[in-house]
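Participant: This is what each chain is made of:
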Amino acid sequence: MKRLQAVVLSFPGSNGDRDLLEAFAAAGFAPRLHRAHEPLPPEAAVVGLPGGFSYGDYWRAGMLASQAAAVAGLKAHVAKGGLVLGICNGLQILVEADLLPGALRTNAPPGFVHAMAVVEVTPAAQASPWLRGLAVGQRLRLPIAHGEGNYFHPQGAKRAQALAALTYVHNPNGSQASLAALCDPTGQILGIMPHPERAIDSLLGSADGLQIFAGAYQALAGAQR
Amino acid sequence: MSSPIAQLSETAVAQQAAQERLGDEACAALAAQLNLLPQEFDHIVQSLGRLPRRTELAVFAGMYSEHCSYKSTRHLLATLPKTGPRVLAGPGAHAGVVDVGEGYAVAFKIESHNHPSAVEPYQGAATGVGGILRDIIAQGARPCALLDALCFGTPQAVGLALAPRHGPQVKGVVQGIAGYGNAIGVANVGGKTSFDRRYAGNPLVNALAAGLLRHGHGHPETLRHARAAGLGNKVLYVGAATGRDGILGAAFASEELGDNTQASRPHVQVGDPFAGKKLMEACLSFTPELGMLACQDMGACGITCASVEMAAAGSVGMRIDLQAVPLREANMAPQEILLSESQERFLFVIDAGCVSQALHHFHSYGVLASICGEVVAGDRVCVQHGNAVFVDLPAKLVADGFLPLHWPQADSLPTALPYPPFAQADVGQTLLQLLRMPGLGDLQPLTQRYDQSIGCRTVRGPSQCAAVLRLPGLQRGFALCISGRGAVCAADPFLGAQAALADGLRDLACVGAELVAITDGLNMASPQRPAEMRRIAEVIRGLKEGLETLGVPVTGGNVSLYNESPQGPIPPTPQVGSLGLVTDVAQVPTAALQPGQSLLLLGKVCSDPVLSTFANLVLQVDCGAAPHVDLVAEQRLANFLVGQVRLGRVAAARGIGRGGLATALAKLCLQGGCGAQVTLPLPEGARADWAALGDYAALIWVGCAPEFVPALLTAAAQAGVPALQAGTAGGSRLQIDGVADAILAVELEALQTAYAQAGVGL
Chain A
1 MKRLQAVVLS FPGSNGDRDL LEAFAAAGFA PRLHRAHEPL PPEAAVVGLP GGFSYGDYWR
61 AGMLASQAAA VAGLKAHVAK GGLVLGICNG LQILVEADLL PGALRTNAPP GFVHAMAVVE
121 VTPAAQASPW LRGLAVGQRL RLPIAHGEGN YFHPQGAKRA QALAALTYVH NPNGSQASLA
181 ALCDPTGQIL GIMPHPERAI DSLLGSADGL QIFAGAYQAL AGAQR
Chain B
1001 MSSPIAQLSE TAVAQQAAQE RLGDEACAAL AAQLNLLPQE FDHIVQSLGR LPRRTELAVF
1061 AGMYSEHCSY KSTRHLLATL PKTGPRVLAG PGAHAGVVDV GEGYAVAFKI ESHNHPSAVE
1121 PYQGAATGVG GILRDIIAQG ARPCALLDAL CFGTPQAVGL ALAPRHGPQV KGVVQGIAGY
1181 GNAIGVANVG GKTSFDRRYA GNPLVNALAA GLLRHGHGHP ETLRHARAAG LGNKVLYVGA
1241 ATGRDGILGA AFASEELGDN TQASRPHVQV GDPFAGKKLM EACLSFTPEL GMLACQDMGA
1301 CGITCASVEM AAAGSVGMRI DLQAVPLREA NMAPQEILLS ESQERFLFVI DAGCVSQALH
1361 HFHSYGVLAS ICGEVVAGDR VCVQHGNAVF VDLPAKLVAD GFLPLHWPQA DSLPTALPYP
1421 PFAQADVGQT LLQLLRMPGL GDLQPLTQRY DQSIGCRTVR GPSQCAAVLR LPGLQRGFAL
1481 CISGRGAVCA ADPFLGAQAA LADGLRDLAC VGAELVAITD GLNMASPQRP AEMRRIAEVI
1541 RGLKEGLETL GVPVTGGNVS LYNESPQGPI PPTPQVGSLG LVTDVAQVPT AALQPGQSLL
1601 LLGKVCSDPV LSTFANLVLQ VDCGAAPHVD LVAEQRLANF LVGQVRLGRV AAARGIGRGG
1661 LATALAKLCL QGGCGAQVTL PLPEGARADW AALGDYAALI WVGCAPEFVP ALLTAAAQAG
1721 VPALQAGTAG GSRLQIDGVA DAILAVELEA LQTAYAQAGV GL
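Residue numbers (our numbering), protein chains in the order written: chain A, 1 to 225; chain B, 1001 to 1762.
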């Protein structure tokens, strides 16, 4: 069987791309970097949008990157069954590209914050191939590192709560419903503020993130068989 | 590639060129105005055999400044040991490079950005980070870790109080470091922050960066150098366009801070981490196959320093055309272009046959690149703007031709005052007071502003004894820490420098790392005052003798002089960055106790009244004699601990530092969330407050599984290391007993409350 291809989009200013590459590889994917100004390659089974400060994020985070050629191809990629993972700045880009609802505001209290966060799996997670392998109520330890991770849904906290696939046990940034991750209606697009790609080895603090990448691999490998 | 910004018109260039030649008197007057010493001016005129041009004088002023030349300290720095079997690049390179085994080398260096941070905290600190990262990149290494050593005035002096809990200076510096480091994506893994009223007028901002490169084991060599070579090869300007920021910043950094320092703000550069990130990726992927021959970061004195040093290092000439330099501002004068310290720029020498592919490479990363000169025969650097010549000087005269300055040294230094007699302090209450001090209390409110885990290398981050980073895909790793206490150096600069080495050695041992090299950031006052010059010499002598005892080289660093303000000079403050080897990151002890662990104290309990944080706190004075440093004993202790870690016997460890045995134990408890009960046999007639709280060296707490205790004690006896089975971890209180009496008993909750009250927050 040909190994499943994972493509990590690299925007100018992305800085989590190499970590994401390693995480995909650890889960069994054949990953490679792809510069986001070029159209999305058709062979990708999974597309990852890494963390970082795309275009410096001097404007609204993710706004400029959401206009990249590769991002324009994500809708078609999802339509043919492909998966998408946006982490941190990647989530901000997906939101700016209207692939996920809502917005990410400045943290409350304001300021960049780095910590090992604990998140909990919600029933909504079962709709997503990324998270289906996790038990509802299961807790994951994942690093957070962001200044604009305060999730806001225009229809209010109730809607955010329904969307949340992972929630913070201790809300670090003021997000509505303590939302830490959400999916699109198909479940194929996962946007997550914490960094599962930095939690693939217990020597570095946690290996919990690997389950998310492994979940996607199993879902796709199963579908391929 | 042409710049869209208006160049100076040909007529204006011709006019400026016509004014380049000065008469005898005007020339000497301009030299003085640029802070060139009379003997330096004479030396220049004699060496050239003519009067320098106006722009040439400015070039000399920058390159002969203390910041670029180290003219007051170079003869002293020359005495430091610099070589070792693992050293691949030492002082003189952009950063030291040390072989760490299994096909990897670490490039690392510490640098100060004190003056800019005093004037403009955010940008000063941010560009300090950007600058040190470019030094690492220039060696061909991918940056993977940042540490910072910050010294501020006491909270009151910088406007930091419990409410609103932050001063603009601390806030600006921390946000500047975070703003640049987080965005460029390099993990901030440690360092130290201290508070002392003597830094109020002149804070210290030192940043240490480390990067990884491949070396040996059949990997293509990625180590880079800065030697221009090959007649006809091209000089490639890469990175941000040149603006008027930071012009002659090097000269500014070589003066004392005055009351009108705000007027110096135009000397401070402005950082752009996005530009820095693009530049980093473009430069690291610009390989010899694409034409890369030599590389230098444009830091102090910008394009002047880069071109002159590359030409001098390669013993070749260089021609630079300023018309080809991308500009950000209109009508910049040749002198401004030459001496601008705009950030995020590199100068490369590239193969003449690779020009188009090199330009294409950088343009594809969205980075400006422009051929701005070439390597020529001879030994002179010639700078032109079109046909008008502004600089025509022997490269070596500019790069290394300065006169070393041997400022007179005071014959002796005042000895530190001993402590007056004082009643024994309540150990428990004083411990809580110590934990409330901003320099000893919880720094997590500051360090949480830094991304500590990006890059997936961080095994141990801030709040540990030392940072530990793992090599890609390997169990092997390396450790980094920064040590150095101005208060001890103020009492005795020689001992203070040795104490910094001992602290680094000990902190590395606590994470199971063996010290292999250091980088030194020396922050000093004005060498023109004999007492301060003596202190500078004593610090360097302390490092020299200490490094020789340890058999460890210094591979690079930085000297920052003139750290003075109207409030007075800073205490001499060497910031020693120590690099250690870790053979297996899975064995690294934590700085946290777990219930049930046995506690051992390695080293000898002391109680003589030496300079100690608690005594200064109790008496509200700055006095006390510096503690004796025995580096042989320290090394024996460190080697023993590292050996035991590698045998898998050590679960937790913490070296004793400020606040003594009790404070170190309290921190182990705080991190582990559990108490501890220990018994200390005090020496005959010893005071409990000194024994528990005095700042003694050569002492380490170790936590281990009870079954390892006998083996540890036997091995310690064999190694000649004093070791005491002191007690156990567990419960919810910290209790230290003497043989007969209780020394202290404090609830963990009280420790936690005090620790969180340190009042350092943003």
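Don't read these hints as lab results, they were simulated from the structure. Quick caveat, the model's predicted, so the values are computed rather than measured. Quick reminder that beta carbons are idealized off the backbone N, C-alpha and C, glycines included. Certain hints may be false.
With the Cβ distance kept under 7 Å, some of the chain A side facing chain B (calculated, not the full set) [to be verified]: (1) W59; (2) A108; (3) V113; (4) P143; (5) Q218.
Taking CB as the label site, the calculated pair distances span [claimed, not checked]: (6) A/D98 with B/L1223: 44 to 50 Å; (7) A/R60 with B/Q1757: 34 to 40 Å; (8) B/T1287 with A/A127: 41 to 47 Å; (9) A/R60 with B/G1473: 54 to 60 Å; (10) B/R1328 with A/S202: 31 to 37 Å.
Now the stretches of chain A that chain B is said to cover, found in silico as 3 or more residues with beta-carbon under 8 Å [said to hold, decoys possible]: (11) 74-84; (12) 119-130; (13) 179-189.
Participant: Which of the stated hints cannot be reconciled with the structure, identified by number in ascending sequence?
Facilitator: The structure breaks hints 1, 2, 5, 9, 10, 11, 12 and 13; every other hint is satisfied.
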